[in-house]
Amino acid sequence: MTKSLEKKIADLKAKAKRMGKNGVKPSSAVRNGSSLHKIIKTPEQAKAFMKSLQSA
Amino acid sequence: MAVAVKLDFDNTYEIDPLSDDLRVSSFTSELQDGSPAPLRVEISSEPHALLPSVFNLAFGPTNAKGEIDDRAEIAHKDYSKVFSSILLAGLTYLTDHPDQYLGIDGSNNARAYLYYRFLQRNFGYLDHFFEMYGLKYYVRISRFGKNQYDNPFDFDDVIPMTDRISIGMVIRSNLMYN
Numbered sequence: 001m002t003k004s005l006e007k008k009i010a011d012l013k014a015k016a017k018r019m020g021k022n023g024v025k026p027s028s029a030v031r032n033g034s035s036l037h038k039i040i041k042t043p044e045q046a047k048a049f050m051k052s053l054q055s056a
Numbered sequence: 001m002a003v004a005v006k007l008d009f010d011n012t013y014e015i016d017p018l019s020d021d022l023r024v025s026s027f028t029s030e031l032q033d034g035s036p037a038p039l040r041v042e043i044s045s046e047p048h049a050l051l052p053s054v055f056n057l058a059f060g061p062t063n064a065k066g067e068i069d070d071r072a073e074i075a076h077k078d079y080s081k082v083f084s085s086i087l088l089a090g091l092t093y094l095t096d097h098p099d100q101y102l103g104i105d106g107s108n109n110a111r112a113y114l115y116y117r118f119l120q121r122n123f124g125y126l127d128h129f130f131e132m133y134g135l136k137y138y139v140r141i142s143r144f145g146k147n148q149y150d151n152p153f154d155f156d157d158v159i160p161m162t163d164r165i166s167i168g169m170v171i172r173s174n175l176m177y178n
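So the protein sequences, as listed, match chains A and B.
The opening residue of the first sequence carries number 1 in the numbering used here; numbering runs sequentially from there.
The opening residue of the second sequence carries number 1 in the numbering used here; numbering runs sequentially from there.
Bound-form chain A, shown alone (with noise of 0.2 Å):
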């Protein structure tokens, strides 16, 4: 890691640091995974995505 690049970290950090405890919070929209796997979570889900996939 260059010079410039460890300052350029620690200047940023040190900006955060001045945020304090007021700062934003992430979404809790942020998704934490692939999209697919919120749609199969759960036997029962995966029985119930089989059963429409066969009476397709």
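Please keep in mind that the hints were generated in silico from the structure rather than gathered at the bench.
Keep in mind that this is a model prediction, so the values were computed, not measured.
Glycine included, C-beta positions come from ideal geometry on N, C-alpha and C.
There's no promise every hint is true.
[Said to hold, decoys possible] With a straight-line Cα cutoff of 20 Å, these simulated PhoX-like cross-link-like pairs (lysine-lysine) come out: (1) K15(A) <-> K25(A); (2) K25(A) <-> K65(B); (3) K3(A) <-> K13(A); (4) K8(A) <-> K25(A); (5) K6(B) <-> K8(A); (6) K17(A) <-> K7(A); (7) K81(B) <-> K7(A); (8) K15(A) <-> K3(A); (9) K6(B) <-> K77(B); (10) K8(A) <-> K81(B); (11) K6(B) <-> K81(B).
[To be verified] Rough simulated footprint, nothing fancy, chain B against chain A, three-plus residues with beta-carbon under 8 Å: (12) 3 to 16; (13) 20 to 27.
Knowing the structure of chain A, use the given hints to seat chain B on it.
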């Protein structure tokens, strides 16, 4: 969107942290028509549903509710600068959280493939800063036709472990890591 992105942490927009833990930050990109576009970078506070040390990194403009719209289509003037800024925010976070990984997943297959192309194009540069892995953690439905309903899942396309990405690795867009 341009593919010829050249990542360079010396060529970034001014990043404004919005939280003291660096999970939320923003910067303003310039669009092709010259207008400014505020963008937000967010690192999820919850780990990935299936990967306990992976935290999703999302980016994009925010909607009226203040949530990131990761499906927005924006014509940036300098894509290299935009993606360098996003990754610098991620790199800064990781220097404080060396035990964590950031997950970057395109909002659709085309974007995931584009990000992989960016990664490969800049592999030599990124390899100095990141350990990069790919992962396939769900089963694709990729069989069509007569046998589709007998066994629609392509279990051969699942790698149930992380796969260290190396330079020049070619993956078809429809079989991209997810």
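Next pair to validate is K6(B) with K77(B); report whether the Cα-Cα distance is within 20 Å. holds, 14 Å
- request: Would you mind confirming whether the straight-line C-alpha gap from K8(A) to K25(A) stays at or under 20 Å?
  value: Between K8(A) and K25(A) the Cα gap is close to 23 Å, so the pair fails against 20 Å, i.e. violated.
- Decide if the proposed pair is consistent with the structure: K81(B) and K7(A), CA atoms, cutoff 20 Å inclusive. Judged against 20 Å, a Cα distance of about 18 Å means the pair holds.
- Are three or more residues of the segment 20 to 27 of chain A within 8 Å, CB to CB, of chain B? It holds: at least three residues are needed, and the segment 20 to 27 of chain A offers 7 whose Cβ sits within less than 8 Å of chain B.
Exercise for the section: For the pair supplied as a hint, K15(A) and K3(A), confirm whether the alpha-carbon distance does not exceed 20 Å. Expected result: Holds, at about 18 Å.
Satisfaction of hint between K81(B) and K8(A), Cα-Cα up to 20 Å | holds, 15 Å
Mind checking the alpha carbons of K17(A) and K7(A) for me, to see if they're no more than 20 Å apart? holds, 15 Å
- Take the C-alpha atoms of K6(B) and K81(B), compute the straight-line distance between them, and say whether it is at most 20 Å. Distance ~8 Å between K6(B) and K81(B) Cα, so the pair holds.
ask   = Under the criterion that the straight-line Cα-Cα distance not exceed 20 Å, is the pair K15(A), K25(A) satisfied?
value = holds, 16 Å
Given the hinted pair K6(B) and K8(A), is their alpha-carbon gap at most 20 Å? OK: K6(B) and K8(A) at ~19 Å, within 20 Å.
20 Å Cα cutoff - pair K25(A), K65(B) | Holds, at about 13 Å.
ask   = Given as covered by chain B, does the segment 3 to 16 of chain A meet the bar of three residues or more with CB within less than 8 Å?
value = Since 8 is at least three, the answer is holds.
The structure shown violates just one earlier hint, number 4.
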